[in-house]
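Enquirer: Read top to bottom, the protein sequences are chains Z, B and G.
If you want my numbering, it's the position in the first sequence, counting the first as 1, plus 1.
If you want my numbering, it's the position in the second sequence, counting the first as 1, plus 1.
If you want my numbering, it's the position in the third sequence, counting the first as 1, plus 596.
I should point out that these hints are in silico values taken from the structure, not numbers from a laboratory.
Hints should not be assumed to be uniformly reliable.
Straight-line distance between alpha carbons at most 16 Å, and here's what the computed EDC-like set of lysine to aspartate or glutamate pairs gives [what the hints assert, rightly or not]:
hint, chain 1, residue 1, chain 2, residue 2
1, Z, K3, Z, D28
2, B, K3, B, D29
3, G, K689, G, D649
4, G, K801, B, D159
5, G, K801, B, E128
6, B, K3, Z, E51
7, Z, K3, B, E50
8, Z, K3, Z, E30
9, Z, K3, B, E48
10, G, K801, B, E162
11, Z, K3, B, E51
12, B, K3, B, D38
13, G, K801, B, D29
14, Z, K3, B, E70
15, G, K689, G, E704
16, B, K3, B, E30
17, G, K689, G, E709
18, Z, K3, Z, D38
19, G, K689, G, D705
20, B, K3, Z, E70
21, G, K801, B, E131
22, B, K3, Z, E50
23, B, K3, B, D28
24, B, K3, Z, E48
25, G, K801, B, D161
26, Z, K3, Z, D29
Pairwise CB distance ranges, derived in the manner of DEER restraints [said to hold, decoys possible]:
hint, chain 1, residue 1, chain 2, residue 2, range
27, G, E800, B, G140, 24 to 30 Å
28, G, K842, Z, L139, 39 to 45 Å
29, G, R641, B, E128, 50 to 56 Å
30, G, M670, B, A72, 53 to 59 Å
Keep in mind the model is a prediction, meaning the values are calculated, not measured.
Yeah, the Cβ is synthetic: ideal placement off N, Cα and C, and Gly gets one too.
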Amino acid sequence: MKPEQIVEATLFASQTPLTTSEIARADDELSTAAVSDAIQALREAYEAEERAFQIYELGDGFQILTRPEFASYLERFDSVARSPYLSGAALETLAIVAYRQPIGRIEIEEVRGVGASSVLRTLTDWELVEVVGRGEGLGRPLLYGTTRRFLEHFGLRDLDELPSPEELPVVLAGLEEDASDAEPDAAEAPTEAGA
Amino acid sequence: MKPEQIVEATLFASQTPLTTSEIARADDELSTAAVSDAIQALREAYEAEERAFQIYELGDGFQILTRPEFASYLERFDSVARSPYLSGAALETLAIVAYRQPIGRIEIEEVRGVGASSVLRTLTDWELVEVVGRGEGLGRPLLYGTTRRFLEHFGLRDLDELPSPEELPVVLAGLEEDASDAEPDAAEAPTEAGA
Amino acid sequence: MILATPTERTANTPRGKSPLEGVEPFLVELDRFQGPLDLLLHLIRAQDIDIFDIPIAHITRQFQTAIAEGLDDMPLERAGEFLEMAASLVRIKAQLLLPRPEKLDWEEDPRAELVRRLLEYEHFQDVVHVLERAEAQRGRHFGKGYVPDRPAPEGMRPELAVDLADFLEAASRIPEPPPPVRVRAPTKSVTVAEKVSLVRRLFEKAKRIAFERLFEPWGTRAHATAAFLAALELARQQVLRIEQSKPFAPIWLFAGGWIAATRGSGEGPDHGADGSGDANRAGDIEP
Numbered sequence: 002m003k004p005e006q007i008v009e010a011t012l013f014a015s016q017t018p019l020t021t022s023e024i025a026r027a028d029d030e031l032s033t034a035a036v037s038d039a040i041q042a043l044r045e046a047y048e049a050e051e052r053a054f055q056i057y058e059l060g061d062g063f064q065i066l067t068r069p070e071f072a073s074y075l076e077r078f079d080s081v082a083r084s085p086y087l088s089g090a091a092l093e094t095l096a097i098v099a100y101r102q103p104i105g106r107i108e109i110e111e112v113r114g115v116g117a118s119s120v121l122r123t124l125t126d127w128e129l130v131e132v133v134g135r136g137e138g139l140g141r142p143l144l145y146g147t148t149r150r151f152l153e154h155f156g157l158r159d160l161d162e163l164p165s166p167e168e169l170p171v172v173l174a175g176l177e178e179d180a181s182d183a184e185p186d187a188a189e190a191p192t193e194a195g196a
Numbered sequence: 002m003k004p005e006q007i008v009e010a011t012l013f014a015s016q017t018p019l020t021t022s023e024i025a026r027a028d029d030e031l032s033t034a035a036v037s038d039a040i041q042a043l044r045e046a047y048e049a050e051e052r053a054f055q056i057y058e059l060g061d062g063f064q065i066l067t068r069p070e071f072a073s074y075l076e077r078f079d080s081v082a083r084s085p086y087l088s089g090a091a092l093e094t095l096a097i098v099a100y101r102q103p104i105g106r107i108e109i110e111e112v113r114g115v116g117a118s119s120v121l122r123t124l125t126d127w128e129l130v131e132v133v134g135r136g137e138g139l140g141r142p143l144l145y146g147t148t149r150r151f152l153e154h155f156g157l158r159d160l161d162e163l164p165s166p167e168e169l170p171v172v173l174a175g176l177e178e179d180a181s182d183a184e185p186d187a188a189e190a191p192t193e194a195g196a
Numbered sequence: 597m598i599l600a601t602p603t604e605r606t607a608n609t610p611r612g613k614s615p616l617e618g619v620e621p622f623l624v625e626l627d628r629f630q631g632p633l634d635l636l637l638h639l640i641r642a643q644d645i646d647i648f649d650i651p652i653a654h655i656t657r658q659f660q661t662a663i664a665e666g667l668d669d670m671p672l673e674r675a676g677e678f679l680e681m682a683a684s685l686v687r688i689k690a691q692l693l694l695p696r697p698e699k700l701d702w703e704e705d706p707r708a709e710l711v712r713r714l715l716e717y718e719h720f721q722d723v724v725h726v727l728e729r730a731e732a733q734r735g736r737h738f739g740k741g742y743v744p745d746r747p748a749p750e751g752m753r754p755e756l757a758v759d760l761a762d763f764l765e766a767a768s769r770i771p772e773p774p775p776p777v778r779v780r781a782p783t784k785s786v787t788v789a790e791k792v793s794l795v796r797r798l799f800e801k802a803k804r805i806a807f808e809r810l811f812e813p814w815g816t817r818a819h820a821t822a823a824f825l826a827a828l829e830l831a832r833q834q835v836l837r838i839e840q841s842k843p844f845a846p847i848w849l850f851a852g853g854w855i856a857a858t859r860g861s862g863e864g865p866d867h868g869a870d871g872s873g874d875a876n877r878a879g880d881i882e883p
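So here's chain Z without its partners, still in its complex pose (with noise of 0.2 Å):
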């Protein structure tokens, strides 16, 4: 077997992504260089070849998925799911995590203005945050930070995907544009492999 073919396997048994680590295990022969290299080839070949899925990273790992513009086509089935739409609130205080992780409960109370301990215990639930140590002051309070998870939901390969305060101006302005475009961006999130 070839080491794409061992790969492309593997990849397309999993629901989640993969780090190339975790793929290397499929078999002894393979090094995560190997792994690297047969997911630049298969990314190429399904360019190529105009399939309908592509491999993309997110978090750490590699997933195969299905390319954005067949979305309107497979909104359609019922034996397709989707993937669920976060609360306001939820969005809200992950947002605040993620900028400002480590944080505590009470800070991202004082920047919502309302209590966050529910919503914060269904977002360390879905594992999108997780506590990630204790500050200092009375009674050591849990200190929360984003998850592996919260990459994979937002298609994002890191952090730094997200833009800084400075740029979000920016960003801003492009996703207005974007919306009154309303031309679906092939390209952008998640991230493929490779770019």
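Based on the hints, put chains B and G in the right spot on chain Z.
Expert: Chains B and G only, in chain Z's frame:
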């Protein structure tokens, strides 16, 4: 979009096998005959390009699956690669159970400030904690303790080997030193082998 | 939904006559808002008010009107959050009425802290838009729908990728136990059988058990009695032996009865014929 691409996306993302007429619902312009042709074309393409997957007919439906000859890699992958890791929440809960057993869910939640039921289920599934009895009070809550497997996993002979809360910082500092010591060793290893 | 009439849009007009006088009050569906900051920011932005020069009296009135309707239907905690904001708006309004120097330092402006919070909140609203967009884009990608179950080969269980260092690190984050506040429910009967099964379970993990462990966590006399009777019963059945080095010293239960111990072999774990047990502390469970 080409019919083959739409059919490919649909077969890839569906959780169940789809009949040609079901697939045809993806697009108003798609006839069942066109779907059948597309499936045939995709099969030939996968064959020619030596893809690790193929379209199989199951009952009266179609599904994309990895080819049987890759089963051994996937089996191996399952047995070694899924290196599941415990979330911060799970580890913390485990620590609370280890140090305070027998302990009920409510008490764990009081310490962590967040819900513990799903985490306790994970830990029970991993056979790291188990129910050891029932407490007093309303509903006679279940009390949890660590298992023998917990000791085995962490290489402990018995619970006494866990450092006391006061010793923890010292022990942790020691472990970190060990970890940084280990790196230069690893870098030297290849040289030794070559000598 | 906010119904803004042209008159309301001129909220930022020179003082004198309130722009709201004789005008329909703002109708706001409170459910739409995450909380008081969200509502306040909406009132300000919807009327193009300069956030660095908020007409507090005006905004306070609008805020109060907006929440008055919805308060009754709100859960207590959420209502409290809106009321707290209403109160601090009133406080700021009062502070502004105090005599103050003609030219005020921004730092000393009673509104400064509120403005800082509003801007910070608005910043995170921007981040929320970015995240929403990322989520929507990710939602357009679909993963493999069906993956056949491949049960792991018999006897092989994936190893957890967690080591002792991870565990101890997590343990170090656990706060010290709070001072014990023992509120015990009225004694509920506990059976000797329950204590017997507790002992058996503990013996699966340890060769000896501190006796107080069998009742101390429950802290009632009934549990202590049941534990004592269970220990005696199990000793009679040669499942364990009870040891105490001297009066009032800790009582230990050792797996395996006296017969097993003196024979130095048998069903239960071997503790050595000397019977002291202290020589081999492996597998203890202590309080």
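Enquirer: State for each hint whether it applies.
Expert: Structure-based check of each hint:
1. For the hint linking K3 of chain Z to D28 of chain Z, the alpha-carbon distance of about 11 Å falls within 16 Å, and the restraint holds.
2. Proposed proximity of K3 of chain B and D29 of chain B is supported: the alpha carbons are some 13 Å apart, at most 16 Å.
3. At most 16 Å may separate the alpha-carbon atoms for a hinted pair to count; K689 of chain G and D649 of chain G meet this at roughly 13 Å.
4. Restraint check for K801 of chain G and D159 of chain B: satisfied, since their Cα atoms lie roughly 8 Å apart, inside the 16 Å limit.
5. The straight-line distance between the Cα atoms of K801 of chain G and E128 of chain B is roughly 13 Å, inside the 16 Å bound, and the hint therefore holds.
6. Taking the CA atoms of K3 of chain B and E51 of chain Z, the gap is about 9 Å. The hint holds against a cut of 16 Å.
7. Of the pairs offered as hints, the one joining K3 of chain Z and E50 of chain B holds, with about 12 Å between alpha carbons and a cut-off of 16 Å not exceeded.
8. A distance of roughly 11 Å separates the Cα atoms of K3 of chain Z and E30 of chain Z; the hinted pair therefore holds under the 16 Å criterion.
9. Between K3 of chain Z and E48 of chain B the alpha-carbon distance is near 15 Å, which keeps this suggested pair within the 16 Å criterion.
10. The suggested pairing of K801 of chain G with E162 of chain B holds, with an alpha-carbon distance near 14 Å, which does not exceed 16 Å.
11. A distance of roughly 10 Å separates the Cα atoms of K3 of chain Z and E51 of chain B; the hinted pair therefore holds under the 16 Å criterion.
12. About 12 Å separates the Cα atoms of K3 of chain B and D38 of chain B, which keeps this hinted pair within 16 Å; it holds.
13. Taken as a hint, the K801 of chain G and D29 of chain B pair is broken in the structure, with Cα atoms around 64 Å apart against an allowance of 16 Å.
14. For the given pair, K3 of chain Z sits about 12 Å from E70 of chain B by alpha-carbon distance, which is consistent with the 16 Å threshold.
15. Between K689 of chain G and E704 of chain G the CA atoms are separated by roughly 14 Å; this keeps the pair inside 16 Å, and the hint holds.
16. Restraint check for K3 of chain B and E30 of chain B: satisfied, since their Cα atoms lie roughly 11 Å apart, inside the 16 Å limit.
17. Using a Cα cut-off of 16 Å, the hinted pair K689 of chain G and E709 of chain G holds, with the two alpha carbons roughly 13 Å apart.
18. Annotation: proposed proximity of K3 of chain Z to D38 of chain Z holds, straight-line Cα distance about 12 Å (limit 16 Å).
19. For the proposed pair K689 of chain G and D705 of chain G, the alpha carbon gap of about 11 Å is at most 16 Å, so the pair holds.
20. A threshold of 16 Å between alpha carbons decides the hint, and for K3 of chain B with E70 of chain Z the separation of about 12 Å falls inside it, so the pair holds.
21. A C-alpha spacing of about 12 Å is found between K801 of chain G and E131 of chain B, which places the hinted pair at or below 16 Å, so the restraint holds.
22. A threshold of 16 Å between alpha carbons decides the hint, and for K3 of chain B with E50 of chain Z the separation of about 12 Å falls inside it, so the pair holds.
23. Of the pairs offered as hints, the one joining K3 of chain B and D28 of chain B holds, with about 11 Å between alpha carbons and a cut-off of 16 Å not exceeded.
24. As the CA atoms of K3 of chain B and E48 of chain Z are separated by approximately 14 Å, the hinted pair is consistent with the 16 Å bound.
25. Proximity of K801 of chain G to D161 of chain B is assessed by CA-CA distance (about 12 Å); at most 16 Å being required, the pair is judged to hold.
26. Annotation: proposed proximity of K3 of chain Z to D29 of chain Z holds, straight-line Cα distance about 13 Å (limit 16 Å).
27. A hinted range of 24 to 30 Å for the beta carbons of E800 of chain G and G140 of chain B is consistent with their spacing of about 26 Å.
28. Take K842 of chain G and L139 of chain Z: their Cβ atoms lie about 44 Å apart, and the range 39 to 45 Å holds.
29. As the Cβ distance of R641 of chain G to E128 of chain B is approximately 55 Å, the hint placing it in 50 to 56 Å holds.
30. Remark: the range hint 53 to 59 Å for M670 of chain G to A72 of chain B is upheld by a beta-carbon distance near 57 Å.
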